[in-house]
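Asker: So the protein lines, in turn, are chains A and B.
Using my numbering, the letters of the first sequence map in sequence onto residues 1 to 796.
Using my numbering, the letters of the second sequence map in sequence onto residues 1001 to 1177.
Any given hint could turn out to be false.
Claimed, not checked - Covered stretches of chain A (chain B as the covering partner; in silico rule of three or more C-beta atoms under 8 angstroms from a C-beta of chain B):
id	region
1	254-266
2	734-748
Claimed, not checked - Incomplete in silico selection of chain B near chain A, CB under 8 angstroms:
id	residue
3	Trp1018
4	Pro1034
5	Glu1044
6	Cys1045
7	Glu1076
8	Asp1080
9	Pro1103
10	Asp1112
11	Val1116
12	Glu1146
13	Leu1152
14	Gly1157
Unchecked claim - For each label pair, taking beta carbons as the anchor points, the in silico distance ranges come out as:
id	chain 1	residue 1	chain 2	residue 2	range
15	A	Pro453	B	Gln1066	33 to 43 angstroms
16	A	Leu463	B	Thr1173	22 to 32 angstroms
17	A	Ser464	B	Gly1069	31 to 41 angstroms
18	B	Ala1170	A	Asp717	52 to 62 angstroms
19	A	Asp69	B	Asp1141	57 to 67 angstroms
20	B	Pro1137	A	Leu463	20 to 30 angstroms
21	B	Leu1061	A	Glu137	33 to 43 angstroms
22	A	Leu463	B	Gln1066	22 to 32 angstroms
23	A	Arg128	B	Gln1066	54 to 64 angstroms
In short, the hints are calculated from the structure, not lab data.
We put the beta carbon where it would ideally sit given N, CA and C, even for glycine.
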Amino acid sequence: MAAVRTASAPLTQAAGVGGGVVGESVPRPDGILKVTGEFAYSSDLWHEDMLWGFTLRSPYAHAAIRSIDTAGALALPGVYAVMTHADLPAETHYGLEIRDQPVLAKDRVRYHGEAVAIVAADHPETARRAAALIAVEYEELPLVVDEATATAPDAPLLHPGRTDHHAAHVPHPNIVHRQPVRRGDVAAARARADVVVRRDYEVGMQDQAFLGPESGLAVPAEDGGVDLYIATQWLHVDRDQLAPVLGLPADKVRLTLSGVGGAFGAREDLSMQAHACLLALRTGKPVKIVYNRYESFFGHVHRHPAKLTYEHGATRDGTLLYVQCRIVLDGGAYASSSPAVVGNAASLSIGPYVVENVDAEAVALYSNNPPCGAMRGFGAVQACFAYEAQMDAVAAELGMDPVEFRQRNAMSQGATMPTGQLVDSPAPVAELLRRVKALPLPPERAWEAAGGPVDVRALPGGLSNTTHGEAVVRGVGYAVGIKNVGFSEGFDDYSTARIRLEVIAGEPVALVHTAMAEVGQGGVTVHTQIARTELGVDRVTLHPADTRVGSAGSTSASRQTYMTGGAIKHTCEAVREEVLRRGRARFGAAHPAWAAPERLRLADGKVVTDGGEAIGDLAEILGEEAIDLEREFRHRPTEPFDLGTGQGFGHVQYSFCAHRAVVEVDTELGLVKVVELAAAQDVGKAINPLSVVGQIQGGSTQGLGLAVMEEIVVSADGARVRNPSFTDYLIPTVLDTPSMPVEVLELADDHAPYGLRGVGEAPTLSSTPAVVAAIRAATGRPLHRVPVRPEHLTGT
Amino acid sequence: MRVNITVNGRPYAADDVWEGESLLYVLRERLGLPGSKNACEQGECGSCTVRLDGLPVCACLVAAGQAEGREVVTVEGLADHARRRSAGGQPSEAGRAGEAAPPAPVQQAFIDAGAVQCGFCTPGLLVAADELLERNPDPSDADIREALSGNLCRCTGYEKILDAVRLAAARTTGEAV
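Bound conformation, chain A alone (with noise of 0.2 angstroms):
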């Protein structure tokens, strides 16, 4: 056993001659030590003397307390060390935009599972028995769980006081933010309409339900600050929470990247990266935390829940006049990034179609429902369930084909968003709808080969046996989504990447270096290939993201691609601009293409002629002196959206992506069997065509699981999770997924590094709307609540 197991090693990746580069599906360079078991994921780190942290929960969703004995677990033998409030050493509350939670809980628990005390052991399960020996008397409190509860008279004030820079325009405080969208004249437009459609829906509580638990180890360093491995999503914005909560400056606080097991939005807070190092720093030892799967659900947050209510209103020629809507977001206990959410859910709640008349408005509230957050998709997943369902029941009022009548109302580059946005590269809604609907369909009934016995395993319920096809029924379902593309409202997005280039053993060699949290989404593997495309390198060694280079911002909202991306090929330019200045200071009289640098480029470890001369070798260039510099990269700005009207550039990108659901419904039993789920999406530039249909298949699947499976479940009487485990949360099992073909279009985005644009969450929006729509076809019920119950099918 090794003394210590912290991160990876530097991974280095060689592709052959000319290979490797932009446009290739290219092996990611972390694939072998993944399957042969040896990748250091944050709950593998393993340290001589290290301790096991565990934290003690809030059974109450909303309770004081009033008193918190330590005193019993203290004296447990292996007991290292426990930690209340009152133990805390600086700065108490964290929280990505508002610091709002406490590290652990005062004199009130907002939610049920939140964080009380932490204990430090020997051994785990001496930790959890230490943790259940704290002695903590509660009174409960009144409840706050939807917006009648949250904003009546005598609401209880979850956060009273609260001084953040929403406050100032919310109508009452236990609202975190409020985004109204506002355009033309709705009331005059409604006037003029031949259909009205107003309807109200539902979306359920999602899970990221990342495989990898939250997990990481807390090293104590000599000069008194603490070294901590850890999975995340954005090293440097924990950094700058965890500083201010364990008094050190950030200097003193280092972050490197452990194996992410999936991520999905559940990484973006804090989880149990301020408490592992608090213990670290008390014992003085090393202290490793890894939740369970029961603490996991606690442990971070969850998809927002909506309540949407829309109106649609249209001419009997199938134009869209106006849409009214209004969506409230529950954000649970804490704010998170319920601010953002509210801005991405109204600046995208009516879809990717040209309508001049908007009146819509989102809402995020408090309650002592579990913290909502990120999630693939946020905001804009709950909007597109809602409007979508919407352009099918317009539609079908109409006597309109759906995909027809999406079509006629699809935007298109040069339209302008409702928030007045124009929407200035490709917008292909169309043409994605066209590619979905012009696949074949999948064979039907398939359960009855040629004359043989019924194989249930392709029937619903398969192996089960509940059925051999009696009652089951087809349907077929369309939608399309839209999506932004990094993080939106006048926030100042940038990247960071640091890239060394010198000789190794007679060959030029590229070492790249950013912070990007690689969460599965296969970003090191892009990041191999720009550098060899911008460097002429072969050989690219990626160096352990950790806060000593500049933040890459968080690996979400579909953006490292773009940003990172970006980032790495901004710095090659400038080590690209250095060779060239090498190689003209020492060559350039002997050929007079070094004149004009922007005719050459790097390729096969030598500087060419864009005629294809190699007129200089870069390991001789270089000799011994390698180029080591660092840049950052930013997109356009943006501006914040206007608090009363909802206008402004606000999105630095669109993601578009349209699917086809076919479904067989046993409308006997309510069981539901996706047969296929069909995907079209605009990538601009597919970098790693592998790595993006990838990750249109998983974003459609967690799509699917949202619109049949997944739901956090909180009991109606106390707020309390009643399924915090994978034996009662279900997500999409292999025998639950379909057959996904996936057309990839590649129109370029010219603002973009390579026309890129940003894949992975834009599949998670249309996927659960067309499943739902394609269950409506199939049965005929009106389904307005994801997810899709069997009692929704059976009426039971």
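Given the structure of chain A, go ahead and fit chain B onto it with the hints provided.
Answerer: Chain B only, in chain A's frame:
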């Protein structure tokens, strides 16, 4: 208590094992074999799948004491296991200590097909897929789905995992790929 287990062909002894510890805990924290993962520790996710005397099991549901005297194959030993299988059970000269063993066919197929993303599910899937191909070299899609139904994946949507298993099967049965 003390537990003696053969893991990936090598004998191990773990001391001071608490009676409540699982085989998974012992592999990860006492034997230094963290390849089997801890996504749920409730037997639901399959990320801890190992073979116990040849049978795929969730290591988190096996009490450490139950593994006494038995043979375990984890993802770390999959390449060696596959090599011994193809060599008819004879230990191979390759793969000596310190040498990087070439991946098992199913491992290489996962990489080539793009079946790995975050990779937390991958070790359990590989053990399950390797066992499937051992007993059914030419599985249908329905066979693959049933065999892997105990293994959760959150990133890929399973499509490329199916591609990988098909690819491994095709390579094993000699079809040109």
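Asker: Check the structure against each numbered hint from earlier and tell me which ones fail, lowest number first.
Answerer: 8, 23
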